[in-house]
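A.B. asks: These are the residues of each chain, in order.
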Amino acid sequence: MVKSWLRAALIGAVAALAFAGPASAQGVLKIAYLEGLSGPFGNVGEVGLRHLQFAAERINEKGGVLGQKIEVVPFDTKTSPQEAQLVFKQLVDQGIRYMMQGNGSAVALALSEAMGKHNARNPDQTVLYMNYGAVDPALTNDKCNFYHFRFDADVDMKMQAMTNYMAAQKGIAKVYLINQDYSFGQSVAKAARAMLTQKRPDIQIVGDDLHPLGKVKDFAPYVAKIKASGADAVVTGNWGNDVALLIKAAKDAGLTADFYTYYAGGLGTPPVIGEAGVGHLKQVTVFHSNIGGSGTVANVEAYRKRFPDSKDDFYWTSIMNAMTMLTMAMEKVKSTDPTKVAPALEGLKIDTITGEVTMRADNHQAVQPIFISTFSKTNGKDVKFDVERTGFGFKTDARIEAKDTVLPTTCKFQRPKG
Amino acid sequence: MEFFLVTLLNSLSYGLLLFMLSSGLTLIFSMMGVLNFAHASFYMLGAYFAYQTSRYVGFWPALVIAPLAVAALGALTERYGLRTVHKYGHVAELLFTFGLAYTIEEVVHLIWGRAPVPYRIPEILEFSAFSIYSTQYPAYRVFMMLVSVAMLVGLYLVLTRSRIGMIIQASLTHPDMVQALGHNVPRVFMLVFAGGAALAGLAGVIGGNAFVTDPGMAVSVGTIVFVVVVFGGMGSLAGAFIASLIIGAVQTFSVAFDYSLLTLFGSIGIKVNPDSGWMELWKVTIAQAAPVLPYLLMVAMLIVRPKGLMGTREG
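Here the protein sequences line up with chains A and B, keeping their order. Numbering-wise, the working numbering puts 146 at position 142 of the first sequence, and it's gapless, one number per residue. Numbering-wise, the working numbering puts 272 at position 191 of the second sequence, and it's gapless, one number per residue.
Certain hints may be false.
[To be verified] Per label pair, the in silico range of CB-to-CB distance: (1) B:Trp359 - A:Phe311: 49 to 55 Å; (2) B:Trp359 - A:Lys219: 39 to 45 Å; (3) B:Asp356 - A:Asp401: 42 to 48 Å; (4) B:Trp363 - A:Lys381: 48 to 54 Å; (5) A:Asp128 - B:Tyr340: 54 to 60 Å; (6) A:Lys219 - B:Thr165: 33 to 39 Å.
Read the hints as simulated data drawn from the structure, not as lab findings. Idealized CB from N, CA, C, for every residue including glycine.
Construct the entire structure; sequences and hints are all you get.
C.D. replies: Written out as structure tokens, the structure reads:
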């Protein structure tokens, strides 16, 4: 008798444990953060995670969203598309309905595809994808997906701004393109070539290199090649270690060409280049710490207080904007169901520290101002904040208003019925 | 010319670093018949130990301490690991080193995390040593080459001119005879293993800050080192040396060549249909294929001459 009672109790306990998983999520809104948290880009993944935590903490301080606290659940994708698809299955199994990712367009394309299939098969268990930094234009054009929203500006939007600026620089005669060999790097090279030849036919493109992603530990051979080409400007979309090591090798070899980059603003590049980068290192971004305004100062200071390590800088406004828009959309429809939230995100406008940000309805691309800035010495005025506590920061050269960054789209996604 | 000279120097410094790694591996292989899969992990440990010690005592003491620490680990590995599994044959030994490589990687994750650590070159070496036309050549690269060459000479002298070197050489070919003459062959094995690990550790100390110190460094360099050893001939130091320089040059120079099969077809007058499905393949340049070239070389060598450049064993 006792034995069978015990067995029943055990079975009951096991069953309770088994069902407790998803059910206990009540009262908590889980956001999966999918990023390479190990491997060559592990450091980049961690930076984004801290930003998401920062954003979540701010929302939770104000009581969360619809009474639910936000919980960030990190998953390691090793920056690999295959790994990311496996991770996607895990988060679906755990009943998580929102995910955020931004490093690596190859991963983003794989995730968007996996999510599209999942959502089509499980219309009552849809997942929504907030992309804060994977900027391959395909994601909001040919391969767009209704549940994918991008909060960073894409390659073409940024290249448009960059080449407009470059076209006005009379000193540029020879341009060298060096990029990572995958969807994102290829689209940077393609866009740079097309736009430069159109805007400045006199500019010669003296090199177009694609190198393996995250595998090159020594860029000296590439720099020797750039040097031999006589380039006076280098365009690169490299990020993480790939840009830091490239700049380091360039500095070691005494290369004096200007660098037009997407991601030289943080993560090891500024300490590596130091004085040598002043006036030569440029970046095109949707934010940097010296764009001005009291909101910017408050955010940068709050972030530094929360993450005092010297390598931590406030960088990803796209993560902040994504979370702000998400909570606004949820409160508007009074639901945390992605099927209802996704349509509510469309056309949503928010006021941010960089200006007004709007979510386009036709391809789910956020429209916002873009900045071109140059590495400069801090001076307490227009270069108030340095990067990675180096004494050097970025100074705005040009601000492109949101309406001037809009590009046509080929996106035709299927809207959910009803 | 400027490009050629700079790239030649770069390939030399890289090739010498490769040799520092592969010399230990090939010594261990020729003596014990064990292909040490954990060899590149010792390289990684060298870099991490140097990073850790240089934070307290500076780079120069670390240059000595870190390889010694790695050597001690190597000695322990041989004494309590390899020697124990030795009686189960080579497969067991191979599996042991394989497992060890994973264990070391996980331990590095636990202690130093998954992101790269800020292991930097000492400030005193942060200047350009000389200029070739208009390209500066960093002093640290010169330092790397000096250390490698010093090690090369040292290794040569120890193996050919010292008593222990003679015993090592004798143990390579006639371990039973050396044992019969009253020498402690297992201890010689331990010494060689520790020495090989120390060389890898030293390579880590000077390579870790020149490139990147992260948990992926063992894997990324490990495969190349195997290519070097196979290409040069298993167990041949001279072969490993030549192979290191060749692979170093191939990896460094190939980046520069923007020729593809399409250019080749064009120069011999074959017209290719641009809509052909093979177009993507024809368009791949040597520069893009650079990461694959060492492996292609290895495969070619195995087909043409399976014992490698200067190897003595046939299969």
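A.B. asks: Assuming the hint says 33 to 39 Å, is it satisfied by the Cβ distance from lysine 219 of chain A to threonine 165 of chain B or not?
C.D. replies: 36 Å, holds
A.B. asks: Please check whether aspartate 128 of chain A and tyrosine 340 of chain B have a Cβ separation lying inside 54 to 60 Å.
C.D. replies: Holds, since aspartate 128 of chain A and tyrosine 340 of chain B (Cβ atoms, about 56 Å apart) stay within the stated range.
A.B. asks: Do tryptophan 363 of chain B and lysine 381 of chain A keep their Cβ atoms within the hinted range of 48 to 54 Å?
C.D. replies: 49 Å, holds
A.B. asks: Within 42 to 48 Å: is that where the Cβ-Cβ distance between aspartate 356 of chain B and aspartate 401 of chain A falls?
C.D. replies: Roughly 43 Å apart at Cβ, these two residues keep to the hinted range, so it holds.
A.B. asks: May I ask you to test the hint 39 to 45 Å on the CB atoms belonging to tryptophan 359 of chain B and lysine 219 of chain A?
C.D. replies: Once the Cβ atoms are compared, 26 Å apart, the range 39 to 45 Å for lysine 219 of chain A and tryptophan 359 of chain B is violated.
A.B. asks: May I ask you to test the hint 49 to 55 Å on the CB atoms belonging to tryptophan 359 of chain B and phenylalanine 311 of chain A?
C.D. replies: Holds, at about 51 Å.
Against the hints set out earlier in the document, a violation occurs for number 2 only.
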